[in-house]
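The whole structure should be built from the sequences, with the hints applied where relevant.
Residues -24 to -1, 1 to 225 in mature numbering (1 follows the signal peptide of the UniProt record, and there is no 0) are what the sequence shown lists, from first letter to last.
Mixed in with the good hints, there may be bad ones.
Pairs of lysine to any residue residues, derived as SDA-like cross-links and limited to a Cα-Cα distance of at most 20 Å, are as follows [as the list claims (entries may be wrong)]: (1) Lys6 x Tyr48; (2) Lys138 x Gln98; (3) Lys100 x Val125; (4) Lys138 x Pro85; (5) Lys49 x Gly111; (6) Lys113 x Pro3; (7) Lys113 x Ser58; (8) Lys6 x Ala80; (9) Lys49 x Thr23; (10) Lys49 x Val125; (11) Lys138 x Asn70; (12) Lys49 x Pro3; (13) Lys49 x Thr8; (14) Lys49 x Ala84; (15) Lys138 x Ala104; (16) Lys49 x Gln98; (17) Lys113 x Ala80; (18) Lys49 x Asn70; (19) Lys138 x Tyr48; (20) Lys100 x Asp65; (21) Lys6 x Pro85; (22) Lys138 x Pro16; (23) Lys100 x Val11; (24) Lys138 x Pro56; (25) Lys15 x Pro43; (26) Lys15 x Glu47; (27) Lys15 x Asp114; (28) Lys113 x Thr8; (29) Lys15 x Val125; (30) Lys100 x Thr40; (31) Lys6 x Val125; (32) Lys49 x Glu13; (33) Lys49 x Pro16; (34) Lys6 x Lys100; (35) Lys6 x Ala104; (36) Lys6 x Gly17; (37) Lys113 x Glu68; (38) Lys6 x Lys138; (39) Lys138 x Thr8; (40) Lys100 x Gln54.
In case anyone wonders, no lab produced these hints; they're calculated from the structure.
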Amino acid sequence: MKKILSSLLVCCILAAVLACQVFAASPAVKLTPGVAEAKPGDTIVVTVSTETADDLYGFQMDVTYDPAVLEYKSAQPQTPASWYAESADMGEGNIRLLAYDDTADLSAPVQNAAGLFLITFQVKSDAAEGDTGMGIKDLLVAGVNGDLVPGAAGAGTTVNIKGEGGGSSSSEPPVTSEEPPVTSSTKPTTTKKPHIPGGNGGGSVTIPTDTGKKPNPGTNDTALLIGSLVVLAGAGGTAVFLASKKRKK
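If you want it as structure tokens, here you go:
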């Protein structure tokens, strides 16, 4: 009997390890450029999307790029209307992205190549020819019940820079100014001032106190309002987020 129990325990441990390895082998988030090649002056739009069939309820990551080659322009959220999404230019070729399911019971996960952000770059006029890379680092993903998913990985991409001069590509995402409707039941707003470790300053973001969709501040804001995800400063200035909202029993 003891041998049988020991064998079952070993099998359970091996299954858990293999599951983590399988998840780690497949990226949870990936970057996909709109073009494979670009010239100085061209616009490059990179899609940030999920790459897993698992339900994701939130994420935070840094997108890295070479500032000698690319100039960062904007990051536009593509998440569902019930999600809160935010971005911040951290400088030195680093963009921080954060988004999470803002429903009260975490009922709107994303999966299966769902779009998260569109990041727009412009190739600098003096950019050197050759491949330029964009990567993902410090990726944190919230899964079922808002718990962090172990072994979550991100997949970067490259674009080949060729020739001299050029216009802008037609892949520039449209900019919309649609605002959520205001009703008489809207609750008063409060201003919170969280700060992203390592950012260029500490702005503030005003949002409703209920769980409705938050207005999206400009991409130059260096503070991310987290709500149900709390940004903490870790070793070396690395940011981590912890999920505080849980599914209703």
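> For this structure, which hints from the list above don't hold up?
Replying inline: When the structure is compared with the hints, numbers 3, 4, 7, 8, 10, 11, 12, 14, 17, 24, 27, 29, 34, 35, 36, 38 and 40 turn out to be violated.
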